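Just so you know, the sequences run in chain order A and B. Residues 1 to 113 (our numbering) make up the first sequence, in order. Residues 114 to 223 (our numbering) make up the second sequence, in order.
It cannot be assumed that every hint is accurate.
What the hints assert, rightly or not - In silico DSS-like pairs for lysine-lysine, Cα to Cα no more than 25 Å straight-line:
#, chain 1, residue 1, chain 2, residue 2
1, B, K184, B, K166
2, B, K183, B, K170
3, A, K61, B, K116
4, B, K166, B, K183
5, A, K49, B, K116
6, B, K183, B, K116
If you are wondering where the hints come from, they were derived from the structure by calculation, not from laboratory data. On a predicted model such as this, the values are computed, not experimentally measured, just so you know.
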Amino acid sequence: AQSVTQPDIHITVSEGASLELRCNYSYGATPYLFWYVQSPGQGLQLLLKYFSGDTLVQGIKGFEAEFKRSQSSFNLRKPSVHWSDAAEYFCAVGAQEGNKLVFGAGTILRVKS
Amino acid sequence: DVKVTQSSRYLVKRTGEKVFLECVQDMDHENMFWYRQDPGLGLRLIYFSYDVKMKEKGDIPEGYSVSREKKERFSLILESASTNQTSMYLCASSLSRELFFGEGSRLTVL
Chain A
1 AQSVTQPDIH
11 ITVSEGASLE
21 LRCNYSYGAT
31 PYLFWYVQSP
41 GQGLQLLLKY
51 FSGDTLVQGI
61 KGFEAEFKRS
71 QSSFNLRKPS
81 VHWSDAAEYF
91 CAVGAQEGNK
101 LVFGAGTILR
111 VKS
Chain B
114 DVKVTQSSRY
124 LVKRTGEKVF
134 LECVQDMDHE
144 NMFWYRQDPG
154 LGLRLIYFSY
164 DVKMKEKGDI
174 PEGYSVSREK
184 KERFSLILES
194 ASTNQTSMYL
204 CASSLSRELF
214 FGEGSRLTVL
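Same shape as in the complex, but just chain A (with noise of 0.2 Å):
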């Protein structure tokens, strides 16, 4: 069964400065990798995804992830963050079969100016 760590539950960046959120997955073939961000009180709302090809995926907001096989990672970037991106990031996997996602615990941004 595949899993999710996210190891790091709150970061804190200033506003403009870049962001590095990560995640590592287990799962023995090649997954299915999602960021999703919940904003407070809100659903979540997908940021990006990969499912094969260019291990660099872009997403909306000026998002972006790199899915390192070699390292099971799967880690979200931004070059410069706006006071807007505080929210609750979960990265989730999924298995080649099946529909299910795996979430990780979240990793809660706070940005200050």
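Starting from the structure of chain A, add chain B where the hints point.
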């Protein structure tokens, strides 16, 4: 745009009550899911359904049941609510592996 609607955003119930959480999607998706979200635990899958009247247990099905009588509607049922079911409940639908979420139902059981 896909819309997943959860009818109740906030509910307060008493221990032992029967609770229904309703979810409706408007995109004719085959798959629907109920997740539970708790701080520090992320989202955990309770049940999912891949077709009308079909359901499968997720990782934490104990204390819950589901109903899917129509393709667009997926209901989560707590037969006898307990305080440890106080949580945020998220419904999602998908056509392939990308999930579309509702805004959540925050349930408090007293």
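Right, here's what the structure says about each hint:
With a C-alpha separation of about 9 Å, the suggested pair K184 (chain B) and K166 (chain B) falls inside the 25 Å cut-off, and the hint holds. The suggested pairing of K183 (chain B) with K170 (chain B) holds, with an alpha-carbon distance near 19 Å, which does not exceed 25 Å. Between K61 (chain A) and K116 (chain B) the CA atoms are separated by roughly 20 Å; this keeps the pair inside 25 Å, and the hint holds. Proximity of K166 (chain B) to K183 (chain B) is assessed by CA-CA distance (about 8 Å); at most 25 Å being required, the pair is judged to hold.
As the CA atoms of K49 (chain A) and K116 (chain B) are separated by approximately 19 Å, the hinted pair is consistent with the 25 Å bound. Between K183 (chain B) and K116 (chain B) the alpha-carbon distance is near 16 Å, which keeps this suggested pair within the 25 Å criterion.
When each numbered hint is compared with the structure, no violation occurs for any of them.
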